[in-house]
Amino acid sequence: MAVGTTIKTIQDIMRKDAGVDGDAQRISQLSWMLFLKIFDDKEKEYELFRKGYRSPMPDRLRWRNWAADPEGITGDVLLKFIDADLFPTLKELPAEAGSNGSGILLRRVFEDSYNYMKNGTLVRQVANKINDIDFNRTEDRHLFGEIYEKILKDLQSAGNAGEYYTPRAVTQFMVDMVDPKLGESILDPACGTGGFLACAIENMRMSVKTIEDEALLQSSIHGVEKKPMPHLLCVTNMMLHGIDVPIQIRHDNTLARPLKDYSARDRVDVIVTNPPFGGMEEDGIEQNFPSMYQTRETADLFLVLIMHILKDGGRAAIVLPDGTLFGEGIKTRIKEKLLMECNLHTIVRLPNGVFAPYTGIKTNLLFFEKGKPTKEIWYYEHSYPEGYKSYSKTKPIRIEGFAPEKAWWTNRTENNHAWRVPVEQVIENGYNLDIKNPNVVPDDLGDPVELLRDYERIQAEVAATCAALKQELMASLGTPSSGKKK
Amino acid sequence: MSADLLSEHFATLATAPNGIARLRELILQLAVQGKLETQDARDKPTSDLIEEIQKEKTALIEKKRLREIKTTELKKIQEMKYEIPPNWTWHSMGEVVFFQEGPGIRNWQFRTMGVKLLNVSNILNNGELELNNSDKYVSEEEVVEKYLHFLIEDKDLLLASSGGSWGKTAWFKDPGYPVILNTSTIRLRFYSEQFAERYLQYFMQTIFFRQQMVSQLVGMQPNFGSTHLSRCYIPLPPLAEQLRIVAKVDRLMAFCDELEVRLQREQAGCLKLGNAILSALQNAKTPEEFEAQWIPVCEAFDLILDCPQNVSVLRQTILQLAVQGRLVRQEPKDEPSRKLVERIKKEKERLVQVGKIKQDKRLELISDKDIRQPVPPTWAITRLGEIAEYGSQIKVLSQEISEDAWVFDLEDLEKDTSRILQKVRFRDRQSLSSKSKFRKGDVLYGKLRPYLNKVVVADEDGYCTTEIVPIRPYLDIDPKYLMYALKTPGFLAYVNSKTYGIKMPRLGTADAINTIIPLPPLSEQHRIVAKVDALMALCDALESRLKERAGVQGRLVAAVVEQVANQNKFADVVAKSISLR
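For the protein sequence lines, the chains are R and H, in the order given.
Under my numbering, the letters of the first sequence match residues 1 to 486, in that order.
Under my numbering, the letters of the second sequence match residues 1 to 581, in that order.
It is possible that part of the hints are untrue.
Stated by the list, open to error - Quick list of in silico lysine to aspartate or glutamate cross-link-like pairs, EDC-like style, CA-CA up to 16 Å:
{"no.": "1", "chain 1": "R", "residue 1": "470", "chain 2": "H", "residue 2": "37"}
{"no.": "2", "chain 1": "R", "residue 1": "37", "chain 2": "R", "residue 2": "76"}
{"no.": "3", "chain 1": "R", "residue 1": "470", "chain 2": "H", "residue 2": "543"}
{"no.": "4", "chain 1": "H", "residue 1": "547", "chain 2": "R", "residue 2": "369"}
{"no.": "5", "chain 1": "H", "residue 1": "576", "chain 2": "H", "residue 2": "37"}
{"no.": "6", "chain 1": "H", "residue 1": "437", "chain 2": "H", "residue 2": "467"}
{"no.": "7", "chain 1": "H", "residue 1": "531", "chain 2": "R", "residue 2": "454"}
To be verified - From chain H, some residues computed to sit far from chain R (all C-beta separations above 12 Å):
{"no.": "8", "residue": "66"}
{"no.": "9", "residue": "77"}
{"no.": "10", "residue": "175"}
{"no.": "11", "residue": "176"}
{"no.": "12", "residue": "221"}
{"no.": "13", "residue": "305"}
{"no.": "14", "residue": "328"}
{"no.": "15", "residue": "348"}
{"no.": "16", "residue": "494"}
{"no.": "17", "residue": "534"}
{"no.": "18", "residue": "538"}
{"no.": "19", "residue": "540"}
{"no.": "20", "residue": "541"}
{"no.": "21", "residue": "545"}
{"no.": "22", "residue": "548"}
{"no.": "23", "residue": "557"}
What the hints assert, rightly or not - Each pair of labels, with its calculated beta carbon distance range:
{"no.": "24", "chain 1": "H", "residue 1": "107", "chain 2": "R", "residue 2": "80", "range": "36 to 42 Å"}
{"no.": "25", "chain 1": "H", "residue 1": "112", "chain 2": "R", "residue 2": "294", "range": "34 to 40 Å"}
{"no.": "26", "chain 1": "H", "residue 1": "112", "chain 2": "R", "residue 2": "400", "range": "30 to 36 Å"}
No lab work stands behind these hints, which were simulated from the structure alone.
Beta carbons: idealized from backbone N, C-alpha and C, even for Gly.
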């Protein structure tokens, strides 16, 4: 069964519960249950392969012992168990519980969560539905994006905060191009459900050979998410992708920390992110930034932050709206800084509809490297696949669609989609990065004389067809002049 | 190409989609290129006047009454300049035109009375000014304090400078109370009153001016100010010619207005005529009446079928005539369809006895009032439920459907045309709901939103959504005949009177099976189907050619405009041809 449908069913079950009020609470409820289930799956794996693995949880609280059996405890017994045992115990879990430090993780997750449901029988139904989802289908580990997307759609307010789920193809393409290597630290400062990080893990895991390599990988993944629900989903998602204790996924607002407080220790090698844009930050957030870059547009603040916390030589790929490219005022100063301090080597311009149905605005993928100033910028205009007028839910953007960019990436020439702009030209234009494709061939309208000839030909055809139709009808209905039916 | 050829095809240009609008663009463009036969070599250039203006401006700037605008010239705009007649001169807009952008007035400054603020919406698309459709004011004290120089003066030209409708212009006529400029509006006037002010207005409607502005556009939301305007160039003819150009353009615009009205009237008339005579043909009761209605259709045939909309009316007419038995000849030796109906009845009784089907009690008997249109004597009046199995097919769960089975959904079928847009296999459409099973040869009828007229004969076995009803004709009844019968305007009218549900109107089973179907003898059914197929194919061909024609017409007009805008030789031909009007 499609995950989207299962989630819908679960939401329908929860809707019957008197305790759960609104979609936000339903999602929160779903998140911690999903987390427990996946945590348990992981533990099963560890028990098999790791000697001396000790669970941080008392046995009775593990998913397998109370939720996995569809005929297990239900009704008031189940409810009492969750409210009086599961939550209190996990919230008070000692940090040293468990053999791999996952006690802290569990405690943090459950400090952030609540059991909203008031009907044990319905909790049982939800648990059974969750058991139906097969998270181990290796061909698609990106279920969380899908789940989050489904949920976001119900939370109509999502767009207001500038939160948009990044399509899988886009995350994949950006990570492929930035190509994070094993041993490099990677950060997504607005990680959502962890789509970029999951891609990065997959990319880096290909070069993991030894246990030490794996440990290195585990320690190099960093993420920050402001909202509790996607944060919990991200933690769960990271566990699915083999990060044992995703404690480096923090529930925090990256922008809330003053820029100057970031020390060399906090710097990272690679940043891949899709910052929320169009959203406004709360009062005071901009105070954390130097006064010449103070703005309330979230995406701009993130851009400043990213430039700041990249190591020298660090690489970044970031999704930004058109508005940032052509914007003036503070945006100009930010772009000036970007071009001075970083080598903004590539901008991939995406067409409308990539982020459908959340927003129709045009977006761009910016790729840059810190340390050297920009000399020239390559632009690539991503075009729709043949036959597409726009992307939509049923016709989403696909990674195959990025094949031309990938082929072009290492062997760059100007063509109908790609063009090169020297940085002087950008500076001359007041740091306007919104540069249109100069290589578009204008529609050839054709020669009027030839068109007139075409017109005359078609007009003759129209007349002929009309005559044939009339003939055919007269054969049936009679010729009026003869006054007789044939 | 000669001017004559173009003149000959003038109607072709005018009747193209947006043709008149293009024609107006052409006229304006030719006007500012000096090609509208208004030239006189004896006219003196305006240079003396310009010098005078410069002096006045310098004086004003010294007195601080005017701020000097420093223009940065843009190469891409300079390159747009074209060749002009020898006694014309090029100027930057700022040189000869005074313009002032409205101040940024904020929401909190708005009052319900005081001095009226000009709004973009006050400038109408037709070039008129309507001050009464907005009511924003600024207090008099504030105006006296800061905005006095923004007061709009009589005979100022007003320009909307932001939003989708940027570029609209209107003349300000003193309304008897003060009005001040607001954000997004600009007032303009020539520095010298000797210049033809209307030349300025016409100039600002040309493609040339718009292109200069568009080339400076950044971002999604168009927004222009004085800086952008000052970078534009304007060609200035001698004073006398300015007046002649305005007069000529006025006349040609009036001609366009007239043409526009005439074309609209012709178009509407054609539709009305087509509708009237074709429905009269459908509704004729007696052979005499029919023959009388057929004559006007024949006479006006070419005329009415020039509108694509009338082709669809003709399609409906053809279908309606088909089920009236008018389309093909009746053969006396054909077995009357009464016999067929009787055989079906027997067959059904047998099936009921063996328990294969159930007698539907909702099926009503035919009464006289059901016979609205007389049918030929060999025909029978039947109900749909009498001659076909309506939707009693087996429902299957999705699990039972094989991967490569055809799964048919309403969205796969194009409305009206019954074209199957896509054939989806089960593996590509993982649907969970149960489906109806259908066989090749079943008539598939979309009962949801029946006005969409979605009916098709299945060319392969498959499964369909329960919103599509498989109708299986008994014995040898031609499914395509049934399909055509379910597409007649008569049936659609019946269905629309019977549907229930407002958001998702559906046709109920009882109403569906009681639908009246006039049934011809078997061999006549086949003949009708063949005939309708042939006629529909011709309608298809006609429609696609009409569409193609409109496309070529559109391209033709665009190409002509482009040639003129780019000053190709062709421009002179067009100028000549238009000047002839």
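The hints, checked one at a time:
no.: 1; hint: R:470 / H:37; verdict: 47 Å, violated
no.: 2; hint: R:37 / R:76; verdict: 21 Å, violated
no.: 3; hint: R:470 / H:543; verdict: 14 Å, holds
no.: 4; hint: H:547 / R:369; verdict: 53 Å, violated
no.: 5; hint: H:576 / H:37; verdict: 8 Å, holds
no.: 6; hint: H:437 / H:467; verdict: 12 Å, holds
no.: 7; hint: H:531 / R:454; verdict: 32 Å, violated
no.: 8; hint: 66; verdict: 26 Å, holds
no.: 9; hint: 77; verdict: 14 Å, holds
no.: 10; hint: 175; verdict: 37 Å, holds
no.: 11; hint: 176; verdict: 41 Å, holds
no.: 12; hint: 221; verdict: 10 Å, violated
no.: 13; hint: 305; verdict: 5 Å, violated
no.: 14; hint: 328; verdict: 7 Å, violated
no.: 15; hint: 348; verdict: 34 Å, holds
no.: 16; hint: 494; verdict: 25 Å, holds
no.: 17; hint: 534; verdict: 6 Å, violated
no.: 18; hint: 538; verdict: 4 Å, violated
no.: 19; hint: 540; verdict: 10 Å, violated
no.: 20; hint: 541; verdict: 5 Å, violated
no.: 21; hint: 545; verdict: 5 Å, violated
no.: 22; hint: 548; verdict: 5 Å, violated
no.: 23; hint: 557; verdict: 9 Å, violated
no.: 24; hint: H:107 / R:80: 36 to 42 Å; verdict: 56 Å, violated
no.: 25; hint: H:112 / R:294: 34 to 40 Å; verdict: 36 Å, holds
no.: 26; hint: H:112 / R:400: 30 to 36 Å; verdict: 59 Å, violated
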